[in-house]
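Here are the chains, one letter per residue:
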Amino acid sequence: MPSRPVWHRTQALVRGDHAPRYAGNVDSYVVEPQSLFVPYLSDVLAGAELRVVRVVPTLDVEDIRASHPDALFVDTDFLDVDAADAVSAMREALPRAFICAYTDGEGADRLRFAGANCVLSKRSGAREITSALRTALSTPAG
Amino acid sequence: MLATTITPAPSSTKPVRVLVVEGQALFAKALCQVLAADVELEVVGDADSVANAQLRRLRPDLIVLDLDGHHVEFSEAMRTIRELAPQAKVCVLSTHIQPEVMQRCLSAGADGYVVKDILPAELIRAVKSVASGHAYVDPRVAGGVLKRRSNGFGRTAQNELSVRETEIIRLIARGMSNKEISAKLHLSEKTVKNHISRIFAKLNITARTQAAVHAIKTGLA
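Line by line, the protein sequences are chains A and B. Numbering-wise, the first sequence is residues 1 to 142 according to the working numbering. Numbering-wise, the second sequence is residues 143 to 363 according to the working numbering.
Any given hint might turn out to be false.
[As the list claims (entries may be wrong)] Examples of chain B residues lying across from chain A (beta carbon under 8 angstroms, computed): (1) Phe169; (2) Ile239; (3) Lys258; (4) Ala325.
[Unchecked claim] Label pairs and their calculated CB-CB ranges: (5) B:Pro157 / A:Ser67: 52 to 60 angstroms; (6) B:Ile358 / A:Val56: 24 to 32 angstroms; (7) B:Asn346 / A:Ser131: 50 to 58 angstroms; (8) A:Asp27 / B:Arg282: 32 to 40 angstroms; (9) B:Leu226 / A:Asp63: 45 to 53 angstroms; (10) A:Pro39 / B:Ala193: 24 to 32 angstroms.
Hint data in this document are derived by calculation from the structure and do not stem from the laboratory. Idealized CB from N, CA, C, for every residue including glycine.
With the hints as extra help, turn the sequences into a complete structure.
This is the structure we're talking about:
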C-alpha cells in the first residue's frame with residue numbers, strides 16, 4: 001500500500017462542548033448520494049451501534065432539524081456547498097448531535113473546527129471506521 | 143392450437159470476471175457486494191489502484207475503475223491495463239458529470255463511463271453492456287456531450303486536456319493553490335506545476351485566472 005498523507009489517516013476528535021457520551025443504538029441520519037453504497041455503509045455503521053434511520057442524497061438542514069437524529073453521517077465530497085460551511089450549518093441545527101464527516105478530500109481540521117466530532121477518511125477500511133466511530137462515540141464530554 | 147412452451151436454453155456462458163479498482167475502501171466493498179449479487183458476474187478481486195490490482199494473475203474480463211482515487215494519471219492507468227490485461231474492458235466510475243471528463247476517459251481507451259450515484263440495477267446493466275462489447279455512458283453525461291456538440295464546442299485532439307489536467311484546471315477554478323491541489327490529488331507540488339505548465343501550453347494562456355475563466359466557460363467548473 002502506498003503511504004498516505006497525514007490527513008488521510010482516520011481521525012476522531014471529540015469536542016467537549018457538543019459531544020455527549022452515547023450508548024446503545026444511536027439514531028443516525030446519513031447524507032450520501034451514492035445509493036449503491038448505502039446498504040453496505042449501513043452495515044458498517046451498525047457495527048458501531050449507529051442505527052441508520054434516514055438516508056438522503058443531498059443536504060437539507062431543515063430536514064435534519066425536523067428529523068433531530070442523535071448522529072449525522074455526511075459524505076462531504078458530494079455537497080453543493082463548502083463542506084465546512086455545511087458542517088457548521090448542521091452543528092447550528094443540532095447543537096448536541098454527533099457529527100461525522102466522511103471525506104476523501106483535504107481539510108479535516110476545517111471540518112473539526114466547523115463542528116464535526118469525527119472526520120473519517122474514505123481510504124479507511126470497515127474495521128478502522130467502526131473502531132474510530134466507537135472511540136469517538138464513547139469518549140465522555142470534556 | 144398447440145401451446146408453445148419456451149424453455150430457456152441452459153446457460154453455457156461463463157460469468158464475466160469483474161475486477162473492482164476503487165480507492166475508497168468501503169465503496170469498493172459495496173461495489174463488490176452489488177456486482178457479486180448477479181449470477182452472470184463473478185467478482186475476482188478488488189484493489190485500491192491499478193498498480194496493486196494483480197491484473198495478470200486475476201485475468202479480468204472487465205475492470206470497474208474508479209477515476210477519482212488515482213495517484214497516477216488516468217491515461218497511465220489505462221496503459222498499464224492495456225499492457226497487463228489487454229482483454230479487459232474498462233468501465234469508469236466517476237463523480238464527474240462533465241462531458242469533457244467522460245470524453246477524455248473514452249479517448250484514453252475506457253469502454254464505459256458511469257457516475258457514482260448510479261443505482262445498483264443500472265450499474266449491473268452498464269457493466270453487462272460493456273462486457274458484451276457495447277459502450278455505456280451515463281445518460282446525463284451523454285446528454286451534455288450532445289448539447290456541447292450542438293453548441294459548436296470542441297477543440298483539436300492535440301489541445302485536449304488529459305483527465306488529470308482537467309481535474310487540476312477545475313481545482314484552479316475553485317481558487318485552490320498548487321499546495322492545496324497537490325494535497326487533494328496526492329501529487330507533489332512539482333507534478334502539479336508540470337501539469338499546469340502543460341495546461342497553459344495547450345490552452346495558449348499564461349495565467350491561472352485565464353485557466354479559471356476557460357474552465358468556467360467550457361463547463362468544467
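For each hint, the structure was consulted:
1. Phe169: Status holds, d = 5 angstroms.
2. Ile239: violated, 11 angstroms
3. Lys258: At 5 angstroms from the nearest chain A Cβ, lysine 258 of chain B passes the 8 angstroms test, so the hint holds.
4. Ala325: holds, 4 angstroms
5. B:Pro157 / A:Ser67: 52 to 60 angstroms: At 41 angstroms between Cβs, range violated.
6. B:Ile358 / A:Val56: 24 to 32 angstroms: holds, 29 angstroms
7. B:Asn346 / A:Ser131: 50 to 58 angstroms: holds, 52 angstroms
8. A:Asp27 / B:Arg282: 32 to 40 angstroms: Holds, at about 33 angstroms.
9. B:Leu226 / A:Asp63: 45 to 53 angstroms: Since leucine 226 of chain B and aspartate 63 of chain A have Cβ atoms about 47 angstroms apart, the given range 45 to 53 angstroms holds.
10. A:Pro39 / B:Ala193: 24 to 32 angstroms: Holds: the Cβ-Cβ distance is about 29 angstroms, inside 24 to 32 angstroms.
Violated hints for the displayed structure, listed by number in ascending order: 2, 5.
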